[in-house]
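Colleague: Given the structure of chain A, go ahead and fit chain B onto it with the hints provided.
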Amino acid sequence: MMTLKINGHDHEIDADPDTPLLYVLRDDLKLNAAKFGCGLGQCGACTVIVDGRAVLSCVTPLVLLKDKEVTTLEGLGTVDKPAPIQRAFMEEQAAQCGYCIAGMMMRAQALLQRNPKPTDAQIREELQTNLCRCGTHMRILRAVHRAAHLMDTAELTNEKGSPR
Amino acid sequence: MSKLRVLAAIAFVVVIAAAIAAFAIAWRPVIAAIEPPAPQSFDRALVKRGRDLAAIGNCNDCHTAPGGKAFAGGLPVPTPFGTVYSSNITPDPDSGIGRWSEAAFRRAMRFGVDRAGHHLYPTFPYDHFTNVTDEDDRALYAFLMTRPAVRATDHPNELSFPFNQRFIIAGWKLLFLKGGTYKVDRSQSAEWNRGAYLVDGLAHCGACHTPRNGLGAEEANASFSGANVENWHAYAINAQSHAPVPWTQDALFHYLRDGWDADHGTARGPMAEVTANLSSVPESDVRAIALYMASVFGPPPQGRDGPAKGNGAQAAAADQPGAAIYQAACATCHESDRPLPYSGIDLRLSTALSAPDPRNAANVILSGIRPVSGERSPIMPGFANSMTDDQLVALLQYLRSRFSTRPPWSGVDQAVRNARQTETVALKTSRGSDSAPGGLKQRDKP
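Chains as they are written, first to last, in the working numbering: chain A, 1 to 164; chain B, 1001 to 1446.
Simulated from the structure, these hints should not be mistaken for laboratory data.
Fair warning: there could be bad hints in the mix.
[Unchecked claim] Here are the simulated distance ranges between beta carbons:
#1 B/Thr1405 with A/Met90: 53 to 61 Å
#2 A/Leu29 with B/Gln1249: 52 to 60 Å
#3 B/Gln1249 with A/Gly77: 56 to 64 Å
[As the list claims (entries may be wrong)] Going by beta-carbon spacing under 10 Å, a handful of chain A positions derived as facing chain B:
#4 Val50
#5 Thr60
#6 Pro61
#7 Leu62
#8 Thr78
#9 Ala121
[What the hints assert, rightly or not] Lysine to aspartate or glutamate pairs mimicking EDC-like chemistry, simulated, CA-CA at most 16 Å apart:
#10 B/Lys1178 with B/Glu1135
#11 A/Lys68 with B/Asp1389
#12 A/Lys66 with A/Asp18
#13 A/Lys81 with A/Glu69
#14 A/Lys66 with B/Asp1389
#15 A/Lys5 with A/Glu91
#16 B/Lys1178 with B/Asp1127
#17 A/Lys30 with A/Glu12
#18 A/Lys35 with A/Glu74
#19 A/Lys117 with A/Asp152
#20 A/Lys66 with B/Glu1135
#21 A/Lys68 with B/Asp1390
Glycine included, C-beta positions come from ideal geometry on N, C-alpha and C.
The following block holds chain A by itself, in its conformation from the complex (with noise of 0.2 Å):
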């Protein structure tokens, strides 16, 4: 039985200490956002953000994860109030079937994090690990700068005291 902190609550978890969080995430709490692609950190699918830093959670297993804070998709922002970083994906239209495209925003949100205006060739350089076999790099690539942009203005209105 561990104590695991996620989207901010914490979750009695009760598994083996070498279970990979994905399964955790999916199985026991049904957070599906993270998908299961190669169960071998190969692909990226499944890539969630533990403090602050994007991990591949197939092949990260709970003991590695004590007194860690981790942050799935569902964390960002919902349907009704997407985060910057889904909505950029919306707009530019990034996904073609999907899979890879949770993944890739959460790769990109952690990025964004520590480095507010990225570019194109950092933007490559930080994504390589993540697949997407559709082929919706480029729009990829434009989300992630609109994104960036998003986050931007957000807090620009906020320091002028509106309404987040």
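Modeller: Quick look at chain B alone, frame taken from chain A:
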């Protein structure tokens, strides 16, 4: 009084003589600049041969900065004396070697002196290149002079006094540069001699794999005994090898040619660039290198027949903190039945885990192994984001105790901290798209 004068006069003469001698040792003449030769003036077959030789010499690796233009230099090379930046060896007339004659190029290769007469730092491994024949220097010259000229002024070196004084290199050369080209060993086959010529000359394997003395020269009596380079350990490649399974000629050929071998795993770190280059040169040269290096390794020593497959090297306590991490994060690939290079290697075969220190293992776990674009190649995710230093230390200690027959490592904490610091630099496992001297395209049309 007169006696003092005589002494003073003698001292004066000695000082002047010493100054003249030092000048004679250090001074090298300028070789006249030439009009940059037209690329068409070089024989195509010669250029093609130069391309293969440049790949064997791994020239692109040091003379191309990450993301930079091929052969335009600018790569920082850390040394114990400061940082030396590689130079632009494209035929640009002003910032490259466009005005160098073939004689100037040959002098640089053989004696480490540039066209203007400056001594070059031995970071440029002319202690090996001195072995290269005139013929091969001519081919290399033809290849380099037909590359696209790139305007890129050399980055100044960052060396402290006295190492920033180039004339002291002349003294270094007196001590450590043995002139003369490769001497054929008549008692050995032509193929063995070819391999020795390449290994000790152009391929300069010892530059990484031989430890260096306090003055930065290779220790003559410790050839190929293994050395630390850029936070990687270049393994011993002689009888002192730590490889769990002894290297054979076939394994060496496969590893050097394809970048991996079933009994040894995959090349990564700075070696990945070497094997990528060797994948594109004449097969006979790689076979010759493998033959010669097998003789350097020598027959497998007693008791090193390799681990018995199917058994753990040692019974490691399953309740060690690293055991659960291994089971969940590593075993899914490293204990799969898929064939190499797509699966993880059986870690009992890993040289990294049997190495003298854990730096290579730490580097790979943190950064992973990137796939090489356009090639069938292994891939491993990096765990830098998901493991804390303590967790990585626990994992490394477990891996060592379970998969190696050697005693536990000491200083694992420090090794992990170092690996973490150089994580991004250490990620040199795939060649840049245009840094290699020849993809297929370039190979077909020199």
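Colleague: Decide, hint by hint, whether the structure agrees.
Modeller: Each hint tested on the structure:
Look at B/Thr1405 against A/Met90: about 56 Å separates their beta carbons, and that is inside 53 to 61 Å. Remark: the range hint 52 to 60 Å for A/Leu29 to B/Gln1249 is upheld by a beta-carbon distance near 55 Å. Between B/Gln1249 and A/Gly77 the Cβ separation comes to about 60 Å, which falls inside the hinted range of 56 to 64 Å. Interface hint status for A/Val50: upheld, as the beta-carbon distance to the closest one in chain B is roughly 6 Å, under 10 Å.
Of the supplied interface hints, the one on A/Thr60 holds, with its beta-carbon coming within about 5 Å of a beta-carbon of chain B, less than 10 Å. With 10 Å as the threshold, the beta carbon of A/Pro61 comes within range of chain B, its nearest partner Cβ sitting at about 3 Å, so the hint holds. Because the beta carbon of A/Leu62 sits about 8 Å from the nearest beta carbon in chain B, less than 10 Å, this interface hint is met. Contact between A/Thr78 and chain B, as hinted, is not supported at the beta carbon level, the nearest pair being about 26 Å apart and thus beyond 10 Å.
With a least beta-carbon distance of about 8 Å to chain B, the hint placing A/Ala121 at the interface is held under the 10 Å criterion. Restraint check: the Cα-Cα separation between B/Lys1178 and B/Glu1135 comes to about 20 Å, which exceeds 16 Å; the hinted pair is violated. For the hint pairing A/Lys68 with B/Asp1389, the CA-to-CA distance comes to about 14 Å; that is within 16 Å, so the pair holds. Distance hint between A/Lys66 and A/Asp18 is fulfilled; the C-alpha atoms sit about 12 Å from each other, no more than 16 Å.
As the CA atoms of A/Lys81 and A/Glu69 are separated by approximately 22 Å, the hinted pair breaks the 16 Å bound. For the suggested pair A/Lys66 and B/Asp1389, the alpha carbons sit about 13 Å apart, so the restraint of at most 16 Å is met. Taking the CA atoms of A/Lys5 and A/Glu91, the gap is about 31 Å. The hint is violated against a cut of 16 Å. The straight-line distance between the Cα atoms of B/Lys1178 and B/Asp1127 is roughly 7 Å, inside the 16 Å bound, and the hint therefore holds.
A C-alpha spacing of about 14 Å is found between A/Lys30 and A/Glu12, which places the hinted pair at or below 16 Å, so the restraint holds. With a CA separation close to 13 Å, the supplied pair A/Lys35 and A/Glu74 stays within the 16 Å bound. For the hint pairing A/Lys117 with A/Asp152, the CA-to-CA distance comes to about 9 Å; that is within 16 Å, so the pair holds. The suggested pairing of A/Lys66 with B/Glu1135 is violated, with an alpha-carbon distance near 63 Å, which exceeds 16 Å.
Restraint check for A/Lys68 and B/Asp1390: satisfied, since their Cα atoms lie roughly 14 Å apart, inside the 16 Å limit.
Against the hints set out earlier in the document, violations occur for numbers 8, 10, 13, 15, 20.
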